[in-house]
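When you line the sequence shown up against our numbering, it's residues 8 to 381, in that order.
Derived from the structure by calculation, the hints contain no laboratory data. Some clues are possibly wrong.
What the hints assert, rightly or not - Result set (DSS-like, lysine-lysine): computed pairs, CA atoms no more than 25 Å apart in a straight line:
(1) LYS218 to LYS278
(2) LYS244 to LYS321
(3) LYS159 to LYS244
(4) LYS163 to LYS244
Quick caveat: nothing in here was measured; it's all calculated off a predicted structure.
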Amino acid sequence: MNDAEKESQPQPLSHTIDTESIPTNSILTPNNTQGIKLSLTNDDEEESPNPSPPENIANAPKPIAKATTEYHFDENRNATTPIRRKEITVRERLAHETTTNNFFFSLVEPDGTVISVEETFAPYPRIWTSFAKALILGLTLEVFIYAIASRKTGTKLFFFAYLTDWGLTVSTAYFVVSFLCAILPDRYGVLVQPIDSGAGDADAGLSLFVKIAWVLYNLALPMESLITLLFWTLDYKGEMITYYMFMKHGGIFMLLVMDGFSISVIPIRIKHMSVFISFAIAYVLWSVIFSWSNIENPDRNDDDAIYDTLRWNKNPRGAIFLSSMTFILAPGVFLFWWFVSIWSPFCNFIGLRRHVIKETEMISRENRSLVQDK
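Can you build the whole structure from these sequences, using the hints too?
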């Protein structure tokens, strides 16, 4: 085909969106589309040399280098927020999350975007989110109730002596609070987006329900991971695997992963590791207290230990070694899930799966009120 024939061929039409003309502090709604250019043009068609930009973006900042444009949609599938996500290294994210001015419940991401409370803890469509969380809660409650009811009379309180049951209790508490976050009406303000979530007091206005759910999840997930790992490597003796054995040592863990990474997308913060480490220390101390106390273990003939691997009287060296390994495993397990939480394709750690709504460096007070009322 010669050049003349090539020129006579119709050129394919392509959709082009000029994202550079979108102000980073704008909120996209059906009635607010200034600054967006969507056109059907030939690929080789020249644009006007000096297009006149709308007045409201005349001084818009240039796009961030090496950034990804991310669009979010409301329940009616209308575009709501165009956000350019800056690439973040592990060192930058770690420095951001460990700084003293980064609050324990900070919604701010290292690139200046802010976590959306509603889309994170109870995303749309709300009815399906509520149904999924209700199903998970039902399965967990059934295992929790059976674990207590199946114990012999007079030994039910000893349920709380085991690490497995500590994890089951925390997981059940999380699923209860998470379900309430999804079903409570908006008038209770459970999923309210703090107006100042990106400046000043970073957790001001965040509801108590969200704070409790956030901490419980960041405690339950690594705890159930550690319980599952320790049980199948140290405590399992080859007996027949029953439904309740599986659920208490792996099933609940799977439900947590499903809830926090598929139904919701809950951020895991480095500062929340302190809660998990404190919990691990508390259980080790409890095992020492039990071994040196007169408390009877109704589940075994000797009262020296709760677990065979934690005999502080008969095998103190083994107990000390296992406890020391736990303090190495616990931070390792938490850091693993922290990496999973922020992982994005191409070795980027921006956390593209997280739901964000705005960039705090450019947002105006007027747009803050729009986000609050959305």
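Next on the checklist: Need the list of violated hint numbers for this structure, in ascending order.
Outcome noted: none
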